[in-house]
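Novice: Spelled out, the chains give:
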Amino acid sequence: MSAAVEKRSQFHHRQVLALLWMSALVLVAITWGHVYFLDSEGRAREFSVAERDLSNLTRLSQEHAVRTLRSADQVIRFVQSRYLELGNKLDLAALTRQGVIDLEIFNQVGIIDPKGIYVLANRPIEGRLDLSDREHFKVHVASDSGQLFVSKPVIGRATGKWSIQLSRRINKPDGSFGGVVVLSIDPTYFTEFYGELNLGPGGLTSLYGLDGVARMRRVGNLTEFGADASQSSLFRDLVRQQPAGAYTQRSVVDGVERLYYYRTAPQYALVAVAGLDTGYLLQNHRKAMQALYAQAALVTLLIGALVWGLSRYLVQLRSDANARRQSQLQLEERQQQLDAVFDISPDGFVSFDQSRCVKFVNPAFGQMTGLGKRALEGMSEQDFSALLAGLCLPTSHFTGLQAMRHTVQTEATEAVQVLELKDAGHRVLQVQLRLSGSGTVSQILHVRDITHETEVEALKSEFLATAAHELRTPMASIFGFSEVLMSQGVDEESEQEFLGIIHKQSKLMVDILNELLDLARIEARRGKDFKFERLCLQDLLADLIKAFQCPPGRALPNLEVPDAPIYLNADTGKLRQALLNVLSNAYKYSPDGGAVHILVELSAGATPGTEQVSVHVADHGMGMTPEQAQKVCTRFYRADTSGRVPGTGLGMAITKEIVEHHKGHISIISAPGEGTQVSVHLPVYAEAASLPA
Amino acid sequence: METTDILLVDDNPDIRRLLHAMLGRGRQIAEAEDGTSALRLIRELRPRLVFMDVMMPGDLNGLQVLSKLREDPVLLTTPVVMVSARGQEEDLRNAVRHGADGYVVKPFGLKDLQPWVTKYLA
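Protein chains in written order, with the numbering used here: chain P, 199 to 891; chain V, 209 to 330.
Worth flagging that the hints you see were computed from the coordinates, not collected in a lab.
Just so you know, these numbers come straight off a predicted model, no measurement behind them.
We put the CB at the ideal spot given by N, CA and C, even for glycine.
Hints may contain errors.
FRET-style restraints, in silico, Cβ to Cβ [said to hold, decoys possible]:
| hint | chain 1 | residue 1 | chain 2 | residue 2 | range |
| --- | --- | --- | --- | --- | --- |
| 1 | P | His701 | V | Gly317 | 15 to 23 angstroms |
| 2 | V | Gln322 | P | Thr593 | 37 to 45 angstroms |
| 3 | P | Cys555 | V | Gln296 | 40 to 48 angstroms |
| 4 | P | Arg723 | V | Arg254 | 42 to 50 angstroms |
| 5 | V | Gln296 | P | Ala740 | 48 to 56 angstroms |
| 6 | V | Lys327 | P | Gln565 | 31 to 39 angstroms |
| 7 | V | Glu298 | P | Ala622 | 24 to 32 angstroms |
| 8 | P | Ser634 | V | Glu298 | 34 to 42 angstroms |
| 9 | P | Ala793 | V | Ala330 | 52 to 60 angstroms |
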């Protein structure tokens, strides 16, 4: 996968993960949002219901208070008018007995004179009660509000109990202050009523004056009078803004948070308040919400766990995919490496799969056998063996792969066979079967082209055989004649003859052995012991001829050379030996005489810019056929085996080796009965030329 | 005409000389230096025993002469012992396959030739 595709896929993967988490987040947000919404909604609903209830309640309580006060006011007005009529003769006790004054509600009624002395009451007054400092008196002294005054709850001096004093100013006919009619009301009258109302624990019913002082305050079973809540928001702000309404506040009196509803009764400067403990109010809601919140938490956890698990899985998948791709790449790379090796290997390989069918065939195998990869792939072992056997000469006994495998398995030796092919190249292949331990490959056939090796081996054997053979022939003479001389008596002439032959053949053997050694040494050293130096060809040839031992009766060779000296890069000794061989042959193969001619000429070399010198040695002797001429330089080859021409048959072979090590070559022109020309061609010494390797 | 006891066939004159020296005393010896002459002389002289070199240049080598002899109903009974520097088992077998009656390996001594002489010239 290319880098760009890889990047895209990575990005895509990240996108998916991001999407997954975002969806999870959204779901969670929705869940919590919903729960939160339900919470507020629930609260609001509870509050609104409570508010409605409280509103109704305060309506009743307010009305009750108002009615009570109105009836109180009526009593006060009645008393006031009767007092104005009767003065101190007014019998309040009688009125009370008559039921005009309802004792159940009002526990005392009386008159306070303008000086503040309690002068009339429906109960006997004990002593002189100075009430001039009481608020319910003082408030009327200065002016006439025309209103009923409702006092804060006080503990009555007379009774020692809580009471609320209701009073009105008595106006004398001239409008001056004539005293106060006061009516005491037991605030517990309200509390008892309110006590019926069930507002739950912490629920509050109260009646406050607009001054913030509770005329009556009841929470549960606890009633108190005179609590100061003037600091609450109700009395600081709300009462002035609205005549009725709801608000939630932590009570300044007892610290309990409540939903309050208030209704003012402005004509009496009172406000009826009812409150529900918010905790109580929201009790059920809270319970329900707890459950819901718990659910929401659970759902969140679940979603979280799910998404987390999912994303982990996705990441795992991806990393697996990555790992897979990594190993895929490694595999491909390895495959490429192997293919490269497989393809360029000069040895042939055929691999077989587990069912012993051909799996892979490398190019080399195809070249060696001419069998195509396409034809072979998938072929069974038997068919393959048959096909291969079909390529061979009848003399190669190819046993087939199965037999080869059997050899390996049972005899624990390598299964190697040599196959001679029928083809034009007479190729010889060495095949070896190797069993494989790996999973997918059962066996591998390794094929080596050993044609050349085989040829070389064959040549070597042939050479050895020939050498041995060549040595046996002179040995036969030496052995045989010496035996004859020892066993039989022969005449002196024959004796001399035989001894001569023995001597001659011994010498021949020595020559053969020497030349064999020479040849062997030249080959073995591969010319490394050749000492190359710059020499002048003309000088060499002159020396050669001077030292040459001409056969008796023969003339020295004619030499025709260019005037300008020709230089060669040569090993003097070896080159002389080579040329000497050629020269001797020229004489040897013209036993009937004739001139021997040496011609030296220059020509262009093989590579442009180089020169070549040719040394032609010609005789007018027996000559050879073209077939014979071709074989001249082979070892032991003797064109004439009649015995007339002495020789080992190795001279030209040695000459050829030497000339080739000088980077030259030999050519021969000959015709039977006419003569032979042997030419040695050598490169001319060039200043810049390096030593031949 | 005197019966030719032994015909010596070898292109190498020294070998012919040697064989002659070893076997010639008191016997009628003929010599040939190539296959063609060998055949001719065998027909003409009907020697009692032939020692023939295997490796001979020219038209016919020793084995070829042998083959030709064995094709000829008249000549096929001629005892022929091959002489050769090659002493491998397969050379022997080859010679026998061509119809040789015996085989001698160079270098040889009289004792190597004697058994054949005894057998065929007794």
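Novice: For each hint, tell me whether it holds in the structure or not.
Specialist: Comparing the hints with the structure gives:
| no. | hint | result |
| --- | --- | --- |
| 1 | P:His701 <-> V:Gly317: 15 to 23 angstroms | 19 angstroms, holds |
| 2 | V:Gln322 <-> P:Thr593: 37 to 45 angstroms | 40 angstroms, holds |
| 3 | P:Cys555 <-> V:Gln296: 40 to 48 angstroms | 45 angstroms, holds |
| 4 | P:Arg723 <-> V:Arg254: 42 to 50 angstroms | 57 angstroms, violated |
| 5 | V:Gln296 <-> P:Ala740: 48 to 56 angstroms | 49 angstroms, holds |
| 6 | V:Lys327 <-> P:Gln565: 31 to 39 angstroms | 59 angstroms, violated |
| 7 | V:Glu298 <-> P:Ala622: 24 to 32 angstroms | 27 angstroms, holds |
| 8 | P:Ser634 <-> V:Glu298: 34 to 42 angstroms | 41 angstroms, holds |
| 9 | P:Ala793 <-> V:Ala330: 52 to 60 angstroms | 58 angstroms, holds |
The structure does not agree with the numbered hints 4, 6 stated previously, though it agrees with the rest.
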